[in-house]
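Novice: The lines below spell out each chain.
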Amino acid sequence: MTTTSTVPHHTVQPADARRSFVERWLAMIFLAPTVLGMALFTFLPIIGSLVLAFFRWDIISAPQFVGFANFASLAEDPTVRVSFLNTIVFVIVAVLLQLGIALGLASMLQARMPSWLRVFLRSTFFFPLVLSAASVSIFMRYMFNEQFGVVNWLLSLIGIPAVPWLTSPVASAAVVVLVYVWQNFGFSFLLFLGALTNIPKELHEAANLDGATGWKQFSNVTLPLISPTVLVASVMAIISALQVFDQPYVLTNGGPGDSTRTAVMVIFESAFQQLEFGEASAIGLILTVLILAVTALQFRLSRRFVFYQ
Amino acid sequence: MSSQTLHTGTEKHSGSTTGTPTTPKGYRKRRLSAAGTVGTYTALAVAAALTLGPVLWTLSTSLRTPSESFNLPPSFLPINPDFTAYQDVFKQINVGLLVLNSALVTGLIALGQMASATLAGYAFARLDFRGKKAIFSLVLATMMVPVQVTIVPVFMLIRGMGLSDTLLALILPAIPTAFGTFLMRQYFLGLPNDFAEAAALDGAGPWRIFRSVYVPLAVPGMAIVGILAFNFHWNEFFRPLILTISEQNFTLPLGLVTLQGNLGTGSISVVLAGVILSMLPALVVFIFGQRTLREGLTAGASK
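Chains P and V, in that order, are what the protein sequence lines are.
The first sequence runs 1 to 309 under the working numbering.
The second sequence runs 1 to 303 under the working numbering.
Since the hints were made in silico from the structure, they are not lab data.
Be careful, since some hints might not be right.
Here's a subset of chain V near chain P, in silico, CB distances under 10 Å, partners left out [what the hints assert, rightly or not]:
{"no.": "1", "residue": "LEU50"}
{"no.": "2", "residue": "VAL55"}
{"no.": "3", "residue": "GLY112"}
{"no.": "4", "residue": "ILE175"}
{"no.": "5", "residue": "LEU297"}
Note that CB positions come from ideal geometry on N, CA and C, so glycine has one too.
Based on the sequences and whatever the hints tell you, model everything.
Specialist: Here's what the structure looks like:
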């Protein structure tokens, strides 16, 4: 793309003209794989998406300009609408759960304990992150099986009747959230653990002396100190939750009905099953705008609410 | 010492007894009542059990005969481990081919990312050229674009290049890496300048300085990029689902999901045997490269 051509061919460096000439050429060669690769596989596709969003195209016949019709489908097509609503509800519930569990566990790990135990627990909570979401969803689907699943068996021990986990709309949405959070809380946990460990222990000692303990110390001392991490962890969690696909695809395939269909599932289905490439691009762009909005909000919020030392 | 620039603080827990406040004495004193302590330990134990339980259930079920696989209560330790599921998974689907495909795709992406990110990161950190800031911002901006948004045009591009339904379709688009470039730039910025000056005085040119002085020093940074790439692409599902069509080009996660679909709930131990097999490389990375992986994963959040 144009990015490589902006690299100059003649600037005069004070030190050694020949050397800087070589250096510039070296820089261009070094950047070429990354910059050209991105031009081809990211920037060109973004432009392609922007153009395609205004066309109706099934790859076979000639593309047809349709203006904003593809975007209107978001308002009109019930499946698209429900999927976006599902995605937003999913993001809110999953992110709150993920951050709550992560912060709770990271705080508890600050308690006095043998260091082998701390290392063991940290590794344990981190472990699901290295698994594939598809594989996790495969075994979770068996575990949540209504008749034979181990989850319902455990619930039966405390007298709860079998839950139709994968066949009721609400329960299946809950399963998608639970499976997603199970795998991803470890990431937020690591961020919080790092932040909590970096708090100078004198601050806690001072708070102890002042009589601020327990919850009071947590909300007045700890939380403000880790607020930059809380913000970053929230934004990262929201952005990745907005793109949820593997879990609902494998666990429920969007069902029953459309109850667990997400925005990315609709992109996938409209492009590669219904061959509505224009509509898929339009939905993708809306998702991108959502992601950019969350990122922009991060910068806003960080100026207002976050306490930097 | 591996990577001072990417230090995130979490390593303090790693149990070394050298100076860092891991010793119980130096560790933060929080006055917890006896009930509070019991509550904390109980919550941690429950959380650990809920995290490990599903994986242990998967392992134990994969070691039972299909007829026993839905036995309730589930016994976590099969008394007579039965490995037929592991043999069957090779018969039912060509797991060997899936592993080979996954290894090829993941390995080449990791190598490609390590090479391209090292080169680009070095250029951004240590070479002078005009437009550096602008180009770097553009590279970083690609991190904000989710793969789902570019997948339709990428799919068409791949078709246009005649690479439909090949492993290259998975490999090529994944090699340019904004995050890897960012990590390597940080890494090179953290290395001292003296080496370059000394080498330049000895008459070494920019290429020699890069190749003989900085590349050897950057190996730990490259390891982070490689391990992150491995972890991500070994587990990847969305792109293979779209970019490969015939089963002979499937990667492991896609092959396993297909197997589950074909088998229904009939022989779950076979599917779970496949799942366990697919976890093994991730487990190896987890055991031997956990710190590197942790540093890499959290590097994006800490500046």
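Novice: Indicate, hint by hint, whether the structure satisfies it.
Specialist: Status of the hints after comparison with the structure:
Among the interface hints, the one on LEU50 (chain V) holds; its C-beta lies about 8 Å from the nearest C-beta in chain P, closer than the 10 Å criterion. Because the smallest distance between the Cβ of VAL55 (chain V) and any Cβ of chain P comes to about 7 Å, under 10 Å, the interface hint for this residue holds. Hint status for GLY112 (chain V) relative to chain P: holds, with the closest Cβ pair at about 8 Å, below 10 Å. Residue-level restraint check for ILE175 (chain V) holds (minimum Cβ-Cβ distance to chain P is 6 Å; threshold 10 Å).
A least Cβ separation of about 6 Å between LEU297 (chain V) and chain P falls short of the 10 Å threshold, and the interface hint therefore holds.
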